[in-house]
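Visitor: So you can see what is in the structure, the chains are spelled out below.
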Amino acid sequence: MSIAISGTARAARRPKTRSGLVRFATEQPLGAIALVLITLFVVVAVLAPWIAPYDPLAQDRVNILTPPGVGGHPAGTDELGRDVLSRSLYGARTSLLIAVATLALGGLIGLVIGVVSGYFGGTWVDSVLQRIMDALMAIPSIVLLLFVAALLGPSVRNTVIALSLLVIPSINRVARGEMLRIREEPYVEAARSVGCSTPRILVRYGLPNLMAPLFVMGSLLFAVILIAESALSFLGIGTPPPTPSWGRMLSEGRSQLEIAPWMTVVPGLILSVSVLAFNLLGDAMRDFLDPKQRR
Amino acid sequence: MLLYAGRRLTYGLLVLALVAVLVFLIIRLIPGDVVRLQLADAPGVTQAQIDQRTAELGLDEPILTQFGHFVGGLLHGDLGTSFEDGRPVTTKILERLPATLELGLLAILFGVLLGVPFGMLSAIRHHSITDNVMRFLAVIGMSLPNFWLALLLITFLALWFGWSPPLVYVSPTEDLGQNLVHMLLPAIALGAATMASIARMLRSSLLEVLGSNFIRTIRSRGASERVVVLKHAGRSSMIPVFTVLGLQVGHILGGTVILERIFAIPGMGSLIFEAVGQRDYPVILGCVIFYGAIFILVNVVVDLLYAVIDPRIRYEGATA
Amino acid sequence: MSHTMLRLKRSPGRTVGAAVAAACLALTAACGTGADTSGKGKIVEDAGPPQDGGILHTAATTDAPSLDIHKEASYMTHVAVGTVYSRLVAPKTGQDVEYGSSELEGDLAEKWSKSDDLKTWTFNLRQGVKFHDKPPVDGRELTSADVKCTVDRIKSLPGHQLGLVANVAELETPDPYTVVFTLQSANTAFDQTMANPFMSILPCEGTKGEFDLAEDAIGTGPFMLKSWKRDQERVMEKNPDYFVEGLPHLDGIQTTVLPDAQAQIAALRSGKLDMISSLSTEKRQVDQLLNQIDGLQLRTEKGITQTRVFMNAAEGPFSKLEVRRAVAHAIDKEGMIKALRSGGTLTGPITPTLFGALPQDEVDELLEYDPEKAKELLAEAGYPNGFEADLVATDGYGETILREAQWIQEDLGKIGIKLTIDQQDYATYVSSTWPETKYDIMYGLQTPMLTADEYLTSEYTSTGTRNWSKVDDPELDKMVAAQRVITDEAEREKALQDIERYIMENVSTPLPLYAYDTQTLYSGKVHDYHPHPDYSSRELQNMWMEQE
Numbered sequence: 030m031s032i033a034i035s036g037t038a039r040a041a042r043r044p045k046t047r048s049g050l051v052r053f054a055t056e057q058p059l060g061a062i063a064l065v066l067i068t069l070f071v072v073v074a075v076l077a078p079w080i081a082p083y084d085p086l087a088q089d090r091v092n093i094l095t096p097p098g099v100g101g102h103p104a105g106t107d108e109l110g111r112d113v114l115s116r117s118l119y120g121a122r123t124s125l126l127i128a129v130a131t132l133a134l135g136g137l138i139g140l141v142i143g144v145v146s147g148y149f150g151g152t153w154v155d156s157v158l159q160r161i162m163d164a165l166m167a168i169p170s171i172v173l174l175l176f177v178a179a180l181l182g183p184s185v186r187n188t189v190i191a192l193s194l195l196v197i198p199s200i201n202r203v204a205r206g207e208m209l210r211i212r213e214e215p216y217v218e219a220a221r222s223v224g225c226s227t228p229r230i231l232v233r234y235g236l237p238n239l240m241a242p243l244f245v246m247g248s249l250l251f252a253v254i255l256i257a258e259s260a261l262s263f264l265g266i267g268t269p270p271p272t273p274s275w276g277r278m279l280s281e282g283r284s285q286l287e288i289a290p291w292m293t294v295v296p297g298l299i300l301s302v303s304v305l306a307f308n309l310l311g312d313a314m315r316d317f318l319d320p321k322q323r324r
Numbered sequence: 016m017l018l019y020a021g022r023r024l025t026y027g028l029l030v031l032a033l034v035a036v037l038v039f040l041i042i043r044l045i046p047g048d049v050v051r052l053q054l055a056d057a058p059g060v061t062q063a064q065i066d067q068r069t070a071e072l073g074l075d076e077p078i079l080t081q082f083g084h085f086v087g088g089l090l091h092g093d094l095g096t097s098f099e100d101g102r103p104v105t106t107k108i109l110e111r112l113p114a115t116l117e118l119g120l121l122a123i124l125f126g127v128l129l130g131v132p133f134g135m136l137s138a139i140r141h142h143s144i145t146d147n148v149m150r151f152l153a154v155i156g157m158s159l160p161n162f163w164l165a166l167l168l169i170t171f172l173a174l175w176f177g178w179s180p181p182l183v184y185v186s187p188t189e190d191l192g193q194n195l196v197h198m199l200l201p202a203i204a205l206g207a208a209t210m211a212s213i214a215r216m217l218r219s220s221l222l223e224v225l226g227s228n229f230i231r232t233i234r235s236r237g238a239s240e241r242v243v244v245l246k247h248a249g250r251s252s253m254i255p256v257f258t259v260l261g262l263q264v265g266h267i268l269g270g271t272v273i274l275e276r277i278f279a280i281p282g283m284g285s286l287i288f289e290a291v292g293q294r295d296y297p298v299i300l301g302c303v304i305f306y307g308a309i310f311i312l313v314n315v316v317v318d319l320l321y322a323v324i325d326p327r328i329r330y331e332g333a334t335a
Numbered sequence: 003m004s005h006t007m008l009r010l011k012r013s014p015g016r017t018v019g020a021a022v023a024a025a026c027l028a029l030t031a032a033c034g035t036g037a038d039t040s041g042k043g044k045i046v047e048d049a050g051p052p053q054d055g056g057i058l059h060t061a062a063t064t065d066a067p068s069l070d071i072h073k074e075a076s077y078m079t080h081v082a083v084g085t086v087y088s089r090l091v092a093p094k095t096g097q098d099v100e101y102g103s104s105e106l107e108g109d110l111a112e113k114w115s116k117s118d119d120l121k122t123w124t125f126n127l128r129q130g131v132k133f134h135d136k137p138p139v140d141g142r143e144l145t146s147a148d149v150k151c152t153v154d155r156i157k158s159l160p161g162h163q164l165g166l167v168a169n170v171a172e173l174e175t176p177d178p179y180t181v182v183f184t185l186q187s188a189n190t191a192f193d194q195t196m197a198n199p200f201m202s203i204l205p206c207e208g209t210k211g212e213f214d215l216a217e218d219a220i221g222t223g224p225f226m227l228k229s230w231k232r233d234q235e236r237v238m239e240k241n242p243d244y245f246v247e248g249l250p251h252l253d254g255i256q257t258t259v260l261p262d263a264q265a266q267i268a269a270l271r272s273g274k275l276d277m278i279s280s281l282s283t284e285k286r287q288v289d290q291l292l293n294q295i296d297g298l299q300l301r302t303e304k305g306i307t308q309t310r311v312f313m314n315a316a317e318g319p320f321s322k323l324e325v326r327r328a329v330a331h332a333i334d335k336e337g338m339i340k341a342l343r344s345g346g347t348l349t350g351p352i353t354p355t356l357f358g359a360l361p362q363d364e365v366d367e368l369l370e371y372d373p374e375k376a377k378e379l380l381a382e383a384g385y386p387n388g389f390e391a392d393l394v395a396t397d398g399y400g401e402t403i404l405r406e407a408q409w410i411q412e413d414l415g416k417i418g419i420k421l422t423i424d425q426q427d428y429a430t431y432v433s434s435t436w437p438e439t440k441y442d443i444m445y446g447l448q449t450p451m452l453t454a455d456e457y458l459t460s461e462y463t464s465t466g467t468r469n470w471s472k473v474d475d476p477e478l479d480k481m482v483a484a485q486r487v488i489t490d491e492a493e494r495e496k497a498l499q500d501i502e503r504y505i506m507e508n509v510s511t512p513l514p515l516y517a518y519d520t521q522t523l524y525s526g527k528v529h530d531y532h533p534h535p536d537y538s539s540r541e542l543q544n545m546w547m548e549q550e
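Protein chains in written order, with my numbering: chain C, 30 to 324; chain V, 16 to 335; chain B, 3 to 550.
Possibly wrong hints are sitting among the right ones.
What the hints assert, rightly or not - Under the rule of at most 20 Å between Cα atoms (straight-line distance), these lysine to any residue pairs were calculated in the SDA-like manner:
{"id": "1", "chain 1": "B", "residue 1": "LYS231", "chain 2": "V", "residue 2": "TYR19"}
{"id": "2", "chain 1": "B", "residue 1": "LYS420", "chain 2": "C", "residue 2": "LEU86"}
{"id": "3", "chain 1": "B", "residue 1": "LYS73", "chain 2": "V", "residue 2": "LEU109"}
{"id": "4", "chain 1": "B", "residue 1": "LYS210", "chain 2": "B", "residue 2": "ARG232"}
{"id": "5", "chain 1": "B", "residue 1": "LYS231", "chain 2": "V", "residue 2": "LEU112"}
{"id": "6", "chain 1": "B", "residue 1": "LYS231", "chain 2": "V", "residue 2": "THR105"}
{"id": "7", "chain 1": "B", "residue 1": "LYS416", "chain 2": "C", "residue 2": "LEU305"}
{"id": "8", "chain 1": "B", "residue 1": "LYS228", "chain 2": "B", "residue 2": "ASP70"}
{"id": "9", "chain 1": "B", "residue 1": "LYS132", "chain 2": "B", "residue 2": "VAL246"}
{"id": "10", "chain 1": "B", "residue 1": "LYS322", "chain 2": "B", "residue 2": "ARG128"}
{"id": "11", "chain 1": "B", "residue 1": "LYS496", "chain 2": "B", "residue 2": "ASN508"}
{"id": "12", "chain 1": "B", "residue 1": "LYS416", "chain 2": "C", "residue 2": "ASP84"}
{"id": "13", "chain 1": "B", "residue 1": "LYS121", "chain 2": "B", "residue 2": "ASP70"}
{"id": "14", "chain 1": "B", "residue 1": "LYS231", "chain 2": "V", "residue 2": "LEU109"}
{"id": "15", "chain 1": "B", "residue 1": "LYS340", "chain 2": "C", "residue 2": "ARG90"}
{"id": "16", "chain 1": "B", "residue 1": "LYS527", "chain 2": "B", "residue 2": "GLY345"}
{"id": "17", "chain 1": "B", "residue 1": "LYS231", "chain 2": "B", "residue 2": "GLY345"}
{"id": "18", "chain 1": "B", "residue 1": "LYS377", "chain 2": "B", "residue 2": "PRO361"}
{"id": "19", "chain 1": "B", "residue 1": "LYS274", "chain 2": "V", "residue 2": "VAL196"}
{"id": "20", "chain 1": "B", "residue 1": "LYS274", "chain 2": "V", "residue 2": "GLN193"}
{"id": "21", "chain 1": "B", "residue 1": "LYS420", "chain 2": "C", "residue 2": "ALA133"}
{"id": "22", "chain 1": "B", "residue 1": "LYS274", "chain 2": "V", "residue 2": "LEU199"}
{"id": "23", "chain 1": "B", "residue 1": "LYS42", "chain 2": "B", "residue 2": "GLY345"}
{"id": "24", "chain 1": "B", "residue 1": "LYS231", "chain 2": "V", "residue 2": "ARG236"}
{"id": "25", "chain 1": "B", "residue 1": "LYS231", "chain 2": "V", "residue 2": "SER235"}
Stated by the list, open to error - Okay, the calculated bits of chain B under chain C, using three or more residues with CB under 8 Å as the criterion:
{"id": "26", "stretch": "262-276"}
{"id": "27", "stretch": "400-411"}
{"id": "28", "stretch": "422-431"}
Unchecked claim - Label pairs and their calculated CB-CB ranges:
{"id": "29", "chain 1": "C", "residue 1": "PRO58", "chain 2": "V", "residue 2": "PHE82", "range": "41 to 47 Å"}
{"id": "30", "chain 1": "B", "residue 1": "SER117", "chain 2": "V", "residue 2": "ASP93", "range": "57 to 63 Å"}
{"id": "31", "chain 1": "V", "residue 1": "GLN193", "chain 2": "C", "residue 2": "TRP79", "range": "53 to 59 Å"}
Quick caveat, the hints were computed from the structure, so don't treat them as lab data. Backbone N, C-alpha and C define an ideal beta-carbon position, used for all residues, glycine too.
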């Protein structure tokens, strides 16, 4: 019985992949474009070592700060003679790594807190957890990041830890909201009355229903993380040199903005387009999954 | 309503207390030592002098005792004195607070003044070119990091038009015009994302309302589209806008830290940045508590405003 | 570096439509840098007789932590209030005086003399010198009592300046205009000591705590502190009762604290700033500004701030001398200067502008870029295949230091030392990592010192107050102590240079690389700017601005 119920629940929330994709593309053209851009982003990130024309760390000291096209560097070089295009491509790798790790870490913690809190909605467990989440949210992100980064020192790992603190409350909020809703659904009531254990109900019925809103949130958070990572690097507390990251490249190029704009325009553009794509995708998915928006 | 407001404020205070505890513990764990920092460039400093300064600052006591003093002071509205110059933290923050609040308010104002018409236009001309352009602009606003936008503005306005913001911050009471000119660029850079969020949120909520039975009824009675949008739909679709504002407060407060630095604005953002650099614990703590307080207060106000805007919402039984 | 380029417009104030502007953003990406500076940036030396009036608008990247010129070791304090105070004697500056020259002139002292045994120094003060007309001092006359108050205060405070007056056994004031110092041991250059900006003479009201020296500054200098808004601005106005007739020329100096270099450049471009300095890095940016702003003057000064590689001499792989010497030869310093700085001079432990510095050709040889030799040294040390280590650097000094750290990372990688950069915030770096020697290898700057002895004693002796690389060499300790009592100038110079050679060959940490040049850009209407590396800014009394 429980299997049948969860089956219908899934079918209702998650359209079959193939036809779903086609329908998504027709209903949400902007979302489809975003999806293509994101696929491109992921492909570039994964294949960077094979696509990039140069080693992103190699210092071509004969060609320092050369404009695009000069000395065999399609997007120019930076102050150490490193190839801006290669660094930008590898930057996608760094950003993807950080964003995925952050979403995984922060998402998991946020999810657990949110689901537990939602399941125990209205009890003291819920209250305590949500007050802690509120406290975390009440500190402006950059201030929070300033602390943590100063505390731990800049490294990719520590950036992930710091950014996770941003993700946890948002995921928690979505997860808890969904759980509060699902809790009242007849099939969950039914499962409970049949005697299913609490963790079993959470995993069996909670998680599948959470996936859709979490994907929407995840996509939007991806954009937030990309920007936050660049802000951290801009303040000198994010990804440490010489690792190529878009945020670092922006910060490295800021003093060269007038004389070597390519140093920042290229990574800045790629960063903005990526953020744009994740925002658009998140939007499109929300519209797509929300029946009220459909016509 | 009053009961609800009271309950929200009580919760807010509780959260604020949690913030204080968290931050107090976190900063004690950051490596680096304020005494050494103050005397670092002075050769010939003896251990005795270091110990003396440590005692002066009360850093030789156990952490729990230090925390006790901190909480005790907090209850009397006393945030202690700065390690750096010995002045009361509250005084230091209150000096800086107005600039940050002004910048934040201007950014919100910029966001609302542009975001609301953009969002409305977008919704009314649903699926038209205008809609798509507006949506595109909005998403761009969300995609450009604010500090990056600020630097582009500074650099290229000077390069192309020979214009740069005024050098010295003047308080609005001194010279309002000059002050606003100074705040213009940072407010735009900071408000761009708010504008984008509002436009997007307003568009989707307006669309939802416009498709509802309630509006269909009004339309069927022959009301003009203008009346429908501005009078009937506008009101209820403003609620999500307030939600956005509540959420944006965090972004805006955080954004002030970077933008105040770039534009040399003496606000709380630059104060906390300096304080972190100097390990000025009381000032850091004080700033974070103020930031938290502003955030919580604004969100309570936003919640209460819901009720004012939409009379259908009542708060008798509602908790957090 | 030859490439086609679109030259940017020479005059900025032109109306360009927003659409054009947007297109230009993409366009500039394709533009090169106009490096043609022929005839641009020249300093106008014969602008005619000085004119009075005008306010100089200038900027600082960071503000002084406090205004207490004795308590505060930061040179930012000296920059901030140097023009407020006077010293007994001061370095001479001017068009005909070489930059960094140690030639002195009387400031508060009309004349001064030393006894034959070099132990008694007498300074005769000018008469009628008045303090600034600010409470509680209210423009009263300066007397020898104020000098005594000042020296007593300096002796009572911890820190750097204590070393400067430690040798003073007694200070007598036989009359209001005479000050007699009796020293414990002979000092041939005690007047140089008194010319140090730390030796600014305060009113007794200040030393007795009648006003807060950290928040206000009252002196006898050419400019008066009108207001100070911390981290925002410092406003100076002309001292109408200045003891040098006809000076200063300027009505005032307005210094804005602008941490962001782009904001400073924008303000220079729009004419809101007359002068920006410390642009130590962006040569190409400077070239472009010179091309675009008519009459802009560029002053490049030989640097006094050294870049340093700090290596832990007590433990880890760098405790082996051969490894440290390998590092000295593995780094392409000239390439670094060319790529990342506007100019610089290779240096030994003592900055090239100071008395006792090694001859340049010797420095160049001791620091010669020779990767092969470096590899051999590394093999000798027992690391034929190199090793791995963390390179500490801070972003607190700006982006250039991080770039240089990456340059060093690449160069040392070539001889097999694989470095990972450990970027730290300035507070951690300066308060913990550095003084507690929590590093194997570190790259950074050394705040300039004003005498050879200061460098050698504080950094390289086993008991030195800044011996943060854990140098422990009894031979060196002896040599440094010995040079201090040599009175013959030529003999002392030779002793100092011997010590430097010894340090380069047998210690090699902190390893000096180069002193980088600094650049100051100022508008065409500013004249007679002849700075001195002591940071006191006293030279601004001679500066003047063309009036419209």
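Visitor: Hint check: LYS377/B vs PRO361/B, CA-CA at most 20 Å. Holds or violated?
Guide: Distance of about 27 Å is beyond 20 Å: violated.
Visitor: For a C-alpha distance cap of 20 Å, please report whether LYS231/B and LEU112/V respect it.
Guide: Between LYS231/B and LEU112/V the Cα gap is close to 15 Å, so the pair holds against 20 Å.
Visitor: If you draw a straight line from the CA of LYS274/B to the CA of GLN193/V, is it 20 Å or shorter?
Guide: holds, 14 Å
Visitor: Measure nothing beyond the straight line between the CA atoms of LYS416/B and LEU305/C; if it is 20 Å or shorter, mark the hint as holding.
Guide: Not OK: LYS416/B and LEU305/C at ~41 Å, beyond 20 Å, violated.
Visitor: Check whether the Cα positions of LYS121/B and ASP70/B lie no farther apart than 20 Å.
Guide: violated, 30 Å
Visitor: Starting from LYS42/B, check that the Cα of GLY345/B is at most 20 Å away, please.
Guide: Judged against 20 Å, a Cα distance of about 18 Å means the pair holds.
Visitor: For the pair supplied as a hint, LYS420/B and ALA133/C, is the alpha-carbon distance within the 20 Å limit?
Guide: violated, 32 Å
Visitor: Against the range 57 to 63 Å, how does the distance between the Cβ atoms of SER117/B and ASP93/V compare: consistent or not?
Guide: Given a distance of about 58 Å, which is inside 57 to 63 Å, the answer is holds.
Visitor: Going straight from one Cα to the other, do LYS132/B and VAL246/B come out at no more than 20 Å?
Guide: holds, 11 Å
Visitor: Under the criterion that the straight-line Cα-Cα distance not exceed 20 Å, is the pair LYS231/B, GLY345/B satisfied?
Guide: violated, 34 Å
Visitor: If you draw a straight line from the CA of LYS496/B to the CA of ASN508/B, is it 20 Å or shorter?
Guide: With Cα atoms ~18 Å apart, LYS496/B and ASN508/B stay inside 20 Å; holds.
Visitor: Quick one: see if chain C covers the stretch 422-431 of chain B, three-plus residues with Cβ-Cβ under 8 Å.
Guide: Since three or more residues must qualify, the claim that chain C covers the stretch 422-431 of chain B holds, with 7 doing so at under 8 Å.
Consistency with the previously given hints fails for numbers 1, 3, 4, 7, 10, 13, 16, 17, 18, 21, 24, 25, 29, ordered from lowest to highest.
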